[in-house]
Amino acid sequence: EAGVVQSPRYKIIEKKQPVAFWCNPISGHNTLYWYLQNLGQGPELLIRYENEEAVDDSQLPKDRFSAERLKGVDSTLKIQPAELGDSAVYLCASSVGLAGAQETQYFGPGTRLLVL
Amino acid sequence: DQQVKQNSPSLSVQEGRISILNCDYTNSMFDYFLWYKKYPAEGPTFLISISSIKDKNEDGRFTVFLNKSAKHLSLHIVPSQPGDSAVYFCAASVLNTPLVFGKGTRLSVIA
Chain A
1 EAGVVQSPRY KIIEKKQPVA FWCNPISGHN TLYWYLQNLG QGPELLIRYE
51 NEEAVDDSQL PKDRFSAERL KGVDSTLKIQ PAELGDSAVY LCASSVGLAG
101 AQETQYFGPG TRLLVL
Chain B
1 DQQVKQNSPS LSVQEGRISI LNCDYTNSMF DYFLWYKKYP AEGPTFLISI
51 SSIKDKNEDG RFTVFLNKSA KHLSLHIVPS QPGDSAVYFC AASVLNTPLV
101 FGKGTRLSVI A
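First to last, the protein sequences are chains A and B.
At position 57 of the first sequence the residue is numbered 57 (my numbering), and the sequence of numbers has no breaks.
At position 72 of the second sequence the residue is numbered 72 (my numbering), and the sequence of numbers has no breaks.
To be clear, the hints were calculated from the coordinates, so they are not data collected in a lab.
Glycine included, each C-beta is placed from N, C-alpha and C at the ideal position.
Don't take every hint at face value.
Simulated restraints, written as ranges between beta carbons of each label pair [what the hints assert, rightly or not]:
| hint | chain 1 | residue 1 | chain 2 | residue 2 | range |
| --- | --- | --- | --- | --- | --- |
| 1 | B | Asn-67 | A | Leu-70 | 41 to 49 angstroms |
| 2 | B | His-72 | A | Glu-103 | 33 to 41 angstroms |
| 3 | A | Gly-97 | B | Glu-42 | 23 to 31 angstroms |
| 4 | A | Val-55 | B | Ala-111 | 41 to 49 angstroms |
| 5 | A | Leu-70 | B | Thr-45 | 22 to 30 angstroms |
| 6 | A | Lys-16 | B | Arg-17 | 48 to 56 angstroms |
| 7 | A | Ser-66 | B | Gly-16 | 24 to 32 angstroms |
| 8 | A | Ser-7 | B | Pro-40 | 17 to 25 angstroms |
| 9 | A | Thr-104 | B | His-76 | 19 to 27 angstroms |
| 10 | B | Asn-27 | A | Glu-68 | 44 to 52 angstroms |
| 11 | A | Leu-84 | B | Gly-16 | 25 to 33 angstroms |
| 12 | A | Glu-83 | B | Thr-26 | 29 to 37 angstroms |
Looking at chain B on its own, in the form it has when it is part of the complex (with noise of 0.2 angstroms):
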C-alpha cells in the first residue's frame, strides 16, 4: 500500500513553460513534505519543503502547494529550464518516523 503516489511517471514541457508536477498521499497523520531532485547517476537532492501548517511555499522558480483536504501536493516550475530535467520525488513525513517517498516523476524540458 502506497502512502505517496505519484501518478504520472513522465512529464515534458516546453522552456519557458510552467511544470506541474503532482503528488498526493493517503496518510492524514503526514505533517511535513518534501520534494527532491534526482539527476541520473546521482543521489537525491532536496529542492524544497513544506509544513501541513501551511499551504504555499516558494523559492524562486519552485513552489509547492499544499491541500490538505484533497492529500494533494504539486510542484510548480516556473519557468521550466532545459537543466530542470531530472526524475522528481515527493516525500513525506510524520512526526520523527522515516520519510516515504513516491515513485518519482520523469522531467523533461525541451528546448
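Chain A on its own, in the form it takes in the complex (with noise of 0.2 angstroms):
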C-alpha cells in the first residue's frame, strides 16, 4: 500500500515569492492534516480536513497561508507571499476515520522550504 506522497521534497524560493505544496493521502483515509515543524521542534498542526471541509484551522495564519482540499482527496497548502520565517519542513499526514487526534496518524516525508 503507497503511504502519503509529498511534492516536491524540496522547494528554495525568495522571500515575497509564492509556493504551494502537495499532497495525496493514504487511499481511503479520509481525514488529512497540515503540519509545520520547525528545526529542533515538533510538529504543529495547520489545519485538518475531514473530507472535503476544513475541521480545525486556527493555527493556519490567514493572512498569507490556504489550503484546499478538492474532492476530499489530496491537498495543496500555499504560501503568498512567502517570508523568511516560513523556511521549516511541511509535512502531511492522514488517518482512516474521523475520531479526531486519537486516530494513527500517518506521515507523509516532508517538503523542506527554505525562503531567502
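From these two lone chains plus the hints, build me the complex, please.
Structure follows, in C-alpha cells:
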C-alpha cells in the first residue's frame, strides 16, 4: 500500500514569492492534516480536513497561508507571499476515520522549504 | 508555554541495553498519549500509544508507562538495536483536539 505522498520534497524560493505544496493521502483515508515542523521542534498542526471540510484551521496564518482539499482526496497548501520565517518542513498526514487526534496518523516525508 | 516536554534532547545507549525516553506534560486533561519515531528525511512513524485509563502498554520491545499523578510518561526499548537510532517524539491529546508534540529526543544506539 502506498504511503502519504508529498511533493516537492525540497523547495528554495526568495522571500515574497508564492509557493505551493501538494499532498496525496493514503487511499481511503478521510482525514488529512498539514503540520509545520520548525528545526528542533515537534510538528504543529496548521489545518485538519475531514473529507473536503476544514474542521480545524485555528493555527493557520490566514493572511498568507491557504489550503484546499477538493473532492476530499489530495490537498494543496499555499503560502503567498513567503517570508524568511516560513523556512521549515511542511508535513502532511492522513488517518482512516473521523475520530480526530486519537486516530493513528500516517505522515508523508515532508517538504523542506527554504526562503532566502 | 509547552504542554508536552521532552527535556533530554539526546540519549546514547549501548546496543542490547535498555533505552528510556522520558516525557512530561502539564495539561491534566490529556487522555491519550503517543510516541512517534522519525528517521532523517522521513515523516514521523507511529510507534505506540496509551490511553489514560491504563498505566502500561507493551508492544514487542517497546513499552510505554504512564504516571498520571506525576504527569509523566516514558518509553522503554529493550533490547536497544542500532536501527532504533532516530528522533522520538512524545505527543498528547484530549478528546478531539489536535495532537501536541514535544520537541523530540534523539536516540543513538551504539553497536
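Hint-by-hint comparison with the structure:
1. Between B:Asn-67 and A:Leu-70 the CB atoms are about 45 angstroms apart, so this pair conforms to the stated range of 41 to 49 angstroms.
2. The supplied range of 33 to 41 angstroms is broken by B:His-72 and A:Glu-103, whose beta-carbon atoms lie about 25 angstroms from each other.
3. Range check, A:Gly-97 to B:Glu-42: Cβ separation about 24 angstroms, and the 23 to 31 angstroms hint holds.
4. Judged by the Cβ atoms, the range 41 to 49 angstroms given for A:Val-55 and B:Ala-111 holds: they are separated by roughly 46 angstroms.
5. A C-beta distance of roughly 28 angstroms is found between A:Leu-70 and B:Thr-45, which places it inside the suggested range of 22 to 30 angstroms.
6. Separation of A:Lys-16 from B:Arg-17 is about 51 angstroms and conforms to the stated range, judged on CB atoms against 48 to 56 angstroms.
7. Take A:Ser-66 and B:Gly-16: their Cβ atoms lie about 50 angstroms apart, and the range 24 to 32 angstroms is violated.
8. Take A:Ser-7 and B:Pro-40: their Cβ atoms lie about 19 angstroms apart, and the range 17 to 25 angstroms holds.
9. The given range of 19 to 27 angstroms is respected by A:Thr-104 and B:His-76, whose C-beta atoms sit roughly 21 angstroms from each other.
10. Separated by about 32 angstroms at the C-beta atoms, B:Asn-27 and A:Glu-68 break the suggested range of 44 to 52 angstroms.
11. Checked against the hint of 25 to 33 angstroms, the pair A:Leu-84 and B:Gly-16 fails, with Cβ atoms roughly 45 angstroms apart.
12. At roughly 30 angstroms, the beta-carbon separation of A:Glu-83 and B:Thr-26 lies within the given 29 to 37 angstroms, and the hint holds.
Going down the numbered hints, you'll see the structure goes against 2, 7, 10 and 11, while the others check out.
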